[in-house]
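Taking numbering that gives the first Met the number 0, the leading residue of the sequence shown gets 0, the next gets one more, and so forth.
Keep in mind that the hints were calculated from the coordinates and are not lab data.
Think of the CB as a built atom: it goes at the ideal place given N, C-alpha and C, for glycine as much as any other residue.
Treat the hints with care, as some may be off.
[Stated by the list, open to error] Derived DSS-like pairs: lysine-lysine, alpha-carbon spacing no greater than 27 Å straight-line:
hint : residue 1 : residue 2
1    : K72       : K3
2    : K42       : K72
3    : K18       : K7
4    : K21       : K42
5    : K72       : K7
6    : K42       : K3
7    : K7        : K42
8    : K7        : K21
9    : K21       : K72
10   : K18       : K3
11   : K72       : K18
12   : K18       : K42
[What the hints assert, rightly or not] Pairwise CB distance ranges, derived in the manner of DEER restraints:
hint : residue 1 : residue 2 : range
13   : D46       : I9        : 11 to 21 Å
14   : S2        : D22       : 33 to 43 Å
15   : H4        : P57       : 16 to 26 Å
16   : Q11       : F55       : 29 to 39 Å
17   : L12       : I50       : 13 to 23 Å
18   : F70       : E10       : 33 to 43 Å
19   : F58       : S2        : 17 to 27 Å
20   : E33       : F58       : 29 to 39 Å
21   : D22       : F55       : 32 to 42 Å
22   : H4        : G39       : 12 to 22 Å
23   : E10       : K72       : 33 to 43 Å
24   : N1        : F58       : 39 to 49 Å
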Amino acid sequence: MNSKHFFKSIEQLWTEVMKNVKDAVVFMDDAAAECLHWHGGLKRILDSGAIFVDNFSPFVVQLDFSHVKNFIKIL
Numbered sequence: 000m001n002s003k004h005f006f007k008s009i010e011q012l013w014t015e016v017m018k019n020v021k022d023a024v025v026f027m028d029d030a031a032a033e034c035l036h037w038h039g040g041l042k043r044i045l046d047s048g049a050i051f052v053d054n055f056s057p058f059v060v061q062l063d064f065s066h067v068k069n070f071i072k073i074l
């Protein structure tokens, strides 16, 4: 797999993710945030309809469960 194909594959994955963030609170880990940085950044996820984006952390103590939640983690 060459770098162009690799970049296109990741772009397709982010396109699918963006279809699921409308009206959602989104939590993502550091690796996902770094990857998104190279594929449109915070503006892309907010333009796709996310209400709020935050770091996925064990220290998140209060969640408002009235909105759809999306957790994005890079394995």
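Now the hints, each set against the structure:
no. : hint                  : result
1   : K72 / K3              : 23 Å, holds
2   : K42 / K72             : 19 Å, holds
3   : K18 / K7              : 17 Å, holds
4   : K21 / K42             : 13 Å, holds
5   : K72 / K7              : 19 Å, holds
6   : K42 / K3              : 23 Å, holds
7   : K7 / K42              : 19 Å, holds
8   : K7 / K21              : 23 Å, holds
9   : K21 / K72             : 18 Å, holds
10  : K18 / K3              : 23 Å, holds
11  : K72 / K18             : 16 Å, holds
12  : K18 / K42             : 15 Å, holds
13  : D46 / I9: 11 to 21 Å  : 18 Å, holds
14  : S2 / D22: 33 to 43 Å  : 35 Å, holds
15  : H4 / P57: 16 to 26 Å  : 36 Å, violated
16  : Q11 / F55: 29 to 39 Å : 22 Å, violated
17  : L12 / I50: 13 to 23 Å : 22 Å, holds
18  : F70 / E10: 33 to 43 Å : 21 Å, violated
19  : F58 / S2: 17 to 27 Å  : 36 Å, violated
20  : E33 / F58: 29 to 39 Å : 20 Å, violated
21  : D22 / F55: 32 to 42 Å : 19 Å, violated
22  : H4 / G39: 12 to 22 Å  : 19 Å, holds
23  : E10 / K72: 33 to 43 Å : 19 Å, violated
24  : N1 / F58: 39 to 49 Å  : 40 Å, holds
Checked against the numbered hints above, the structure violates hints 15, 16, 18, 19, 20, 21 and 23; every other hint is satisfied.
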